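Peer 1: Chains as they are written, first to last, in our numbering: chain W, 1 to 337; chain Y, 1 to 286; chain A, 1 to 317; chain G, 1 to 496; chain B, 1 to 329.
Treat the hints as calculated values from the structure; they're not laboratory data. Heads up, some of the hints might be wrong.
List of simulated lysine-lysine pairs, DSSO-like, C-alpha gap at most 30 Å [as the list claims (entries may be wrong)]:
(1) Lys-198(G) with Lys-164(W)
(2) Lys-441(G) with Lys-311(G)
(3) Lys-125(A) with Lys-257(W)
Since the structure is predicted, the reported quantities are computational estimates derived from the model, not experimental observations.
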Amino acid sequence: MVSLRVYILTRVLLTIPMVFILLSLVFFVMRILPGDPVIAIVGMKASPEHIERLRHELGLDKPLWRQYIDYIAMIMRGDLGRSMIWGKRPVSTEIWDRFPATLELTICAFTVSVLIGLVTGVFASTKPGTKADVGLRLFSIVAYSLFIPLLGMLLQFTLGVKLKLLPVAGRKSPLVQIDRITGLYLLDSLLTLNLVGFVDALRYLLLPSITLGVVLSGVYTRLVRSSMLEVLREDFIRALRARGIPEGQILLRHALKNAFIPVLTMMGLQFSLLLAGAILTETTFSWPGMGTFLLERIEYRDYTTVQGTIVFYALLVAMVSLIVDIIYAYIDPRIRY
Amino acid sequence: MRLIDPLARAIRRYWRVKRVDLALTLTGAIIVAWIIAMAALAPVVAPYDPYVSVDDVLLPPSREHLMGTDNLGRDVFSRILYGSRTVMAVVLASTMLSMGVGTLVGLVSGYFGGLVDRVLSLVMDSIYAFPGLILAIAVAAMLGPGVSNTVVSISIVYIPTYFRMIRGQVLSVKSQLYVEAATALGAPHKVIMLKYILPNVIPVLPVVFSMNVADAVLTEAGLSFLGLGVPAPTPDWGFDLRNGQRNLLAGYWWGSTFPGFMIVLLAVGFSLLGEGLNELISPERR
Amino acid sequence: MPPLLDVRGLRVYYMLGDEAVKAVDGVSLKVEKGEVLGLVGESGSGKSTLGLAIVRLVPHPGRILEGSVLFKGRDLLKLPEQELSKVRGGEIGMVFQDPLTSLDPLMRVGEQLVETIMAHSQLTKEEAKEKAVKYLELVGISAERFYDYPHQFSGGMRQRAMIAMAISTSPSLLIADEPTTALDVIVQSQIMELFQSLREKLGLSVILITHDISVAMEVADKIAVMYAGHLVECAPSETLYDSPLHPYTQGLLKAVPNIELKDMKLVYIPGTPPDLANPPPGCRFHPRCPRAMDVCRREEPPEVEVGETTVKCHLYR
Amino acid sequence: YQARKAPAEKEVIVIGTTDRVTDLDPASAYDFFTWEVLSNIAEGFFKYEPMTLELKPALAESYEVQEGGKVWVLKLRKGLKFRDGTELTAEVVKWSIERVARIEGDPAWFVLDFVDKVEVVDKYTVKIVLQQPVAFFKAVLAVPTYFPISPKSYPADEISPDNTAGGIGPYYIERFVRDVELVLKANPNYYGEKPRTKTIIIKFYKDATALRLALEGGEIDVAWRTLNPSDIKDLAKNPDFTVVEGQGAYIRYIVLNGNIEPFNNKLVRQALAAALDRKKITEGVFLGTVSPLYSLVPAGMWSHIDAFKEKYGEGPNYELAKKLLAQAGYSETNKLKVELWYTPAHYGTTEADVAAAIKESWEKTGMIEVEIKSAEWSTYLELTRKKGLPITLYGWYPDYIDPDNFLYPFLHTDSNRWLGKPYSDPEMDKLLEEAQVAPDKATRTRLYEQVQRKLAEDAPIIPFLQGKLYVVCKKNVKGIVIDPYMLLRYWLIYKE
Amino acid sequence: MELLRVENLVKYFPLEKSFLERLLTRSRRYVRAVDGVSFSIERGEVFTLAGETGCGKTTTGRLILRLIDPTSGRIVFDGEDITDLRGEELRRIRRKMQPVFQDPYASLNPRMKVGEAVKHPLEIHGIAYGSEAKQIAMEFLEKVGLTPAEKFYSLYPRDLSGGQRQRVAIARAIVTKPMFIVADEAVSMIDVSLKASILELLMQLKREMGLTYLFITHELAVAKYISTRIAVMYLGKIVELGPAHRVFESPLHPYTKALMAAVPVPNPRRRKEKVKLKGEVPTAPVDIPPGCRFHPRCPYATEECRREEPQLAEAEPEHLVACHKAMEL
Ligand SMILES: Nc1ncnc2c1ncn2[C@@H]1O[C@H](COP(=O)(O)OP(=O)(O)OP(=O)(O)O)[C@@H](O)[C@H]1O
Ligand SMILES: Nc1ncnc2c1ncn2[C@@H]1O[C@H](COP(=O)(O)OP(=O)(O)OP(=O)(O)O)[C@@H](O)[C@H]1O
Ligand SMILES: [Mg+2]
Ligand SMILES: [Mg+2]
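Model the full assembly from the supplied sequences, consistent with the hints where possible.
Peer 2: This is the structure we're talking about:
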């Protein structure tokens, strides 16, 4: 029986190969296939000598294995390098600029989806086979299949353009100022006691997070429902009933907690779904986050930035699954690592 | 008769116990079948050539153009019909590819175990944990647009799904007594894999497959929507949605709404099928 | 004095669409105060269903179609849910077969015990905890294991904990469904001893459900034998052992291996138990019965009293 | 809690765009929008008078051209100060120009290709010595790359991408959040005419749809580049908005790679030029928000002639195309098979439709079969450059406003490597070189007309459209000026 | 004549899960499932291994069948050391020894027809193919009482009852005419009323085909009916071994005594005095107590038992026991 600390350490170490694998994949695929950041940025008018010089500066004239080793060495030092285009800004700065937007969006969407999922899932599981249950099952299937851009467009069109209820694009209105502390506008405006900013940021957040949240909620509805049903069929629930424990207590204190374990596991995996969905949401809502950024940089073959972003994504996913596992280990006493 | 009879019996049994699931499955199957028929019959049914302009641009739906015309004067209805071919071709090809590779590798990896299995699992888990669409975007952008490239990028995303599923199943089947019995009989590895493990693993595939196809439909649409999928002017729902979206706010809703609706419909069809099958296949509780 | 528990004509079916699994089909049964009733029968004969039906806990497709369950004079089948849940766990305790899956894996054993006690009394948390520790010690678990999780207990300890929970509310009847089937023989005998001592200390009535007639013979005062949803014979243990009346009981006793006997001959009952969705007409045992008559194929046998024995067989009409 | 007071409505104008700021550094910026921002927060020695293409003095009070155009002497205005308090002197100018050369950013060629050295004559006089006389150097000097900046605020040999210091201009940057917003405030120390609006906020959007929604949602006052054609048409009908239209100097063209079969055959190139249906693109894809173009030199630029129209008619001239194809040996049964490449994102989402329209118009001859292919921008460029793609679609924004910039980079043997060297002709080279140094405009006009006629004859490049620029703004927004300079002048905009 | 001999058989299962965990934790720990077991089986006998859950009975069986590799020790079968056989040679041996498992639901491939399941071994070993194999398979189906064989041949396992499935498993085991059968809890999951019929079938086949059985069970009452010799295991070791009637009549080891005494008897008048044992067998034998591994539960344990591990030794002819105090009790 290994202690929790050792387990966490193991998990942290395990993320290394994962990041490494993805990084290598992206590194080689990107370089083997045509497309060159130097040409992409100066392409139209520069002379071949100029291009060669730039390639040299960026180290792109070295043999591939050399570039790879250099890059890995750099990553090991915790440095993501600098962008290869435009301002050659440090990749970490670029990410730091955009990530809070994505984080804010994903957190809100996540909250929306989990709330919808829990409520509908628990409701459906207490009434299996009824019309309401079938309806919610249908909802979960349709919700997940709603193509994010389509749903986004419909919401923009109805709530934004026709009814003028909510703003449709961007993170805040131009005239409102929010001082950056964390880059999460909601949090920052609260920290600076800026109520106007908070309300404004919230209004801008609503449509994108509802779009993303609703689409992902289908997964949770289904999952919560099925794992609740699973748990409700278990012997210990019957045993609790046989002991005369009130039904509400059984449902909330025992069944939900047990059903939450598979849901939790799923949340870790779902996080990557959330990130993927965020790309489409960001594109639809002009959200200045990581997704739109990555798309832009892929087009320009900004090797370091794309690699850095992928590494960052991988670390993020790994970290979230680590957190999930730790919570998991806390909730479930059977996990003794 | 030999086939129909058990089928009818199965349906009757399910009708008794799992009415809802059966209804879901059938609805899904009908939607999917309908779109497949659309794809198959597109050349016969489509009133116009989907590639060329046949009328004025941006005409609203009318008797001549059931779903109006797009910004190049092409018939949207015809493009929807032909678009189903693109989606079906790309999505089925890529999921089949993932299924083939994932199943094979998962089977071998899970059966033999050892270092290769560890490494493969690590690689597959890494890909699996990574956001699928982002991976597809990265690969598709690097490979460049094109049908086969799209197929490859989508399939890479889903190989781990099959790998993990199959490997997990193989591990559980491998520990079953009947596999041990087969080993004790002296059956060679190949025979054990093909006669004892594979047949017991395969039943999960249809469920995973249709769930996965539903997902792939959305991924394909996402890629096309971002301009990384099948290149124009091939009719493609995701692309047409994007294309039509440009004119949506000007009131030309038909150019994007129809393709968008079709994407959702197809994804729903496959999800219903998958969800229903999943419930039908899962053993009845006693 | 009326019996503590009086089950009359109970019928419980599992509804699978338009098919019904007739798991308990017209069973009547009495349990006196302080008595241990052994309910035996082979797998699938409807023992658990009967046990659950007494407290109206038959799982989903199952339905109690008719009959009554008179407990201390009240019909449990007609009690409103609220009051019933006072009876469950309060006046009737239950212990199930698989002690691991019968405990909430995410909650400390002690807390589960406290929860049970608090659900049936006005005690504060502290008082409940004190009482919980007392009961844990009563079943032979030391107080320091109070904060352990179920998975940290061995099989026998889990079963002891389940028993502690069942008796912590001072019930007058305990229904134990295969409490030792998942356990080794040595542990089984320890648990059985625990039952015996508790019964002496607390004056409990017990319904012991088991597929192993040997276990029932060791502890029960009275034994009821079920076959395919019917209660075929019910008699005091010794009477049943000495002169089983129903052909099934007779066959069963001969088929049970006995470590004490020198005579090395086992006899088995030919055929297999029927499918309860389509049970044979008449007596459900007739296809396997060596003494089957014509009437057995046609008519369901009545319950006949022969001395202390109640038997459901045409032979004794 | 404290509510942050927003500036009064009237003093603020919010402009939305789908463009992005790359590097806020003259030594590195080389794109439309960053140049626009730079032109509003900094100035060069000359600047274009609105609505004319006249260059009038800005930071330079006056100038003198010596040694037959080889030496330029600039006299600076006195007493101008940067935001950080540094005074604008000859030293600063020299430092700024040399910094561009030293950093060798993308636009460094504006300096490196022309300038030999920069000398300080006195505190307010700078001498720029060219490698050789250049007829259009004044236009070059007007580009943002030459904008003086303060040595105190910019690192000497490093690009400073997020630098908000700027130069001396009507506005300064108050706040810049990349990809989100850029807030400009009127520069109180500006020497020239005061800006009409105190605060300009630029909001960045990801796509045209979002931009339009933001306009309609009232979040922005002005929607600038680039709305969808259909939205422009649609918004024009809306009484709440004004659509300002202006001729742009932005052009699009088809490159036929003469190194590749069958495009080494002039007849084939001519046939493709003849069969092109420009209307299909301008009216069909762009709904009339662009105009057809018949020369590489855009209409409105001096020396422009409709060379392709003269030669092939307005088009599509299928009769002529068929004839030419028949001469080249093709027929209905032996079709000309060509591969047409486009890049899906770089030129906007309409690009696929452009390709589709071209394909359709060529295939109407019945003798051509077009296969459409596409590649991501950087791949596209690299393939064009290295492999030489058969037919590609490109677009061009001028670097400086002179016909040379629309002809030399495409047609001169030494400078069209980036297009995969599709064309090389000694006679053409000679004409272009002559025109570059010819001192007077009349001679240059004559030479450029010759070049354009030859271009139409040889048809290595087929221009097909010229962009128009549209600004859609709220009814009460006035002062929007769009001219061939194209960059929006924020200081002229105001709200009624 | 001896058919099988195992010498000092040991099987440890490593406890760690992942290789990283192995890197991180210093001591490697093992489940000592089988910890030095020796015995031999004569031709034609029914040798029973008994003991509580987790004592290593199944593992011993699997080791003998060479389904897993022993950590150490030797297995001699039919005069041949089969401990290290691989590939073809191992397959040759497999023809001669076959298992019958506990769970008739799990030991048959659900996607293989009954007939095929029985026919398949013939094809694997190249004994017969096609219709000839089918003929033989039918013959064996009849032999195990599945008549009419025609009908059963094309059924799937799910269409059969538990007893019938176990018959199929037995048919599959004997179709290659082996000489040795390892029956691991072969009747534990069969209904009481049918148990005897399967036992009878096994005995009948033994007579007809001259089989030798290793019979693994935790049900002592069942063991008593068929065994010629019996070995009782505790935490991976044999604690007592001898002729069945001797062990049942006068067990020597305290554990065996407790085990025998705990077996319930279907006689309400025979409520026996039981030997009281503390605790249970640990579910996973990892931390095995020093000295006699039974001493923490033994009512008679002394200082010696805590220190020194007793060896299996002959207490009376043919009857071996591993207890320091076997003689005194
Ligand atoms: N939830 C259920 N749905 C359908 N049928 C059920 C269900 N539960 C039990 N049955 C059926 O009812 C019959 C009686 O089951 P029950 O569990 O009462 O038997 P049992 O005597 O307790 O058997 P065991 O010894 O296996 O526990 C069996 O045929 C069983 O298959
Ligand atoms: N493959 C394995 N990996 C790890 N541990 C194992 C493995 N197989 C068995 N064990 C462990 O070895 C010990 C002995 O197991 P085994 O199955 O041989 O016992 P058994 O006597 O057959 O018990 P039962 O009566 O429950 O069948 C157990 O603690 C078990 O958990
Ligand atoms: Mg039961
Ligand atoms: Mg075992």
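Peer 1: Each hint: holds or not?
Peer 2: Now the hints, each set against the structure:
1. Lys-198(G) with Lys-164(W): 28 Å, holds
2. Lys-441(G) with Lys-311(G): 25 Å, holds
3. Lys-125(A) with Lys-257(W): Holds - the C-alpha atoms of Lys-257(W) and Lys-125(A) are around 22 Å apart, at most 30 Å.
The structure meets every hint from the earlier list without exception.
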